[in-house]
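Line order of the protein sequences matches chains Z and F.
Be aware that the first sequence starts at 1, since it is given in my numbering, and climbs by one per residue.
Be aware that the second sequence starts at 1, since it is given in my numbering, and climbs by one per residue.
For the record, the hints were derived by calculation from the structure and aren't laboratory data.
Any given hint could be a false lead.
Result set (DSS-like, lysine-lysine): computed pairs, CA atoms no more than 30 Å apart in a straight line [unchecked claim]:
no., chain 1, residue 1, chain 2, residue 2
1, Z, Lys49, F, Lys23
2, Z, Lys43, F, Lys94
3, Z, Lys165, F, Lys94
4, F, Lys106, Z, Lys147
5, Z, Lys43, F, Lys106
Sample of chain F residues lacking proximity to chain Z, with all beta carbon distances greater than 10 Å (derived) [said to hold, decoys possible]:
no., residue
6, Ala8
7, Ile16
8, Arg18
9, Ala46
10, Ile53
11, Asp59
12, Leu60
13, Glu68
14, Glu93
15, Lys101
Covered stretches of chain Z (in silico footprint by chain F; criterion: 3 or more residues with CB under 8 Å from a CB of chain F, positions within the stretch not fixed) [to be verified]:
no., segment
16, 53-62
17, 65-74
This one's a predicted model, so the numbers in the text were calculated from it and none came from an experiment.
Glycine included, each C-beta is placed from N, C-alpha and C at the ideal position.
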Amino acid sequence: MKSIFIVIPAYNEEKNIAAVIQDIKKADNTYHIVVVDDFSKDKTYDIVKNAGIDVLRHIVNRGQGAALKTGSEYAIMKGAEIIVHFDADNQFLASEIASVIEPIISDQADIVFGSRFMGKPSNMPVLKKNIVMPLAQIFQHFIFGIKMTDPQSGFRAFNAAIFNKINWHSDRMAHCSEILHFSFKNKLRVKEVACTVVYHDFGQKFSGGLKIIKDSFLNIFIKH
Amino acid sequence: MQIQQIIAIVIIFFFIARVFNQKRHDDININEFRFWLVFWLASGVAILFLPVIDAFVFDLGFSASGIEFLLYLSVAILFYFIFRLRLRMARLEKDLTEIVKNIAIKR
Chain Z
1 MKSIFIVIPA YNEEKNIAAV IQDIKKADNT YHIVVVDDFS KDKTYDIVKN AGIDVLRHIV
61 NRGQGAALKT GSEYAIMKGA EIIVHFDADN QFLASEIASV IEPIISDQAD IVFGSRFMGK
121 PSNMPVLKKN IVMPLAQIFQ HFIFGIKMTD PQSGFRAFNA AIFNKINWHS DRMAHCSEIL
181 HFSFKNKLRV KEVACTVVYH DFGQKFSGGL KIIKDSFLNI FIKH
Chain F
1 MQIQQIIAIV IIFFFIARVF NQKRHDDINI NEFRFWLVFW LASGVAILFL PVIDAFVFDL
61 GFSASGIEFL LYLSVAILFY FIFRLRLRMA RLEKDLTEIV KNIAIKR
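Generate the whole structure from the sequences, applying the supplied hints.
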């Protein structure tokens, strides 16, 4: 039985986090859940702590990429064999974690990305689906030479042993593109699995996409 | 010497005095002091020898005058400094994230 850690970065998610935790527990009670509260201003931290879940707290807001890194390193310290990145806004289905980790368990992949564009139900906003995402795909193809159906999925799982090969530097949202880039650059076995997405709001806006491009550009020049 | 050159020299003297004053109060370190002193002295020399720069710029094949050339050059240098500053900020942010991460994990 593999030790599976679900890392959830959370920022002001008091409305969703309890349901997300409950759904994950319901899906499989053996999953270790780690929530990283990225200096929320609401009661996210208290809700998770009262639920008896491992919760790490950033004392300054550092972004989703940074929160995922904190959670992933903590999971590895605790002996994780498979790490799953899962959103705190209840847009993914906990019941689909099993299908995302399955290729890793069966040793067919090192890293698996949940794709919102492989036929499963999605209520993605029209603008996002037809303009923002195709633009992100083009950017990713030209900058990183990567062709994936979903360029910005926050639902992924990887074998903890390959963490150093995908160790992203972006604190904010550019980590998605970076993880994909490192996965291909280091010739990892990459797989995409269809996942359902339920949008409660628009999510990342077009300006967020521009920020990702800016962060990716700066990352090229910073020594890591 | 033209009136504009005299005004520019006075302004440069003011900034050189500020640099000395900041060093005296330990607001800047020795490296920053040297950098800004050399910068303002070089600016003063450039202003004093504008005709030489005019000729130099002409020899390079530019149609602009020496003062315009200096202006273009300063804008380019400013852009470079902004970029350097942005990189420095990004590195500081990276260090901050590392500290925040370690605190979160150790707590």
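Of the hints given before, which are not true for this structure? As far as the earlier hints go, 1, 4, 14, 15 are violated by this structure, in ascending order.
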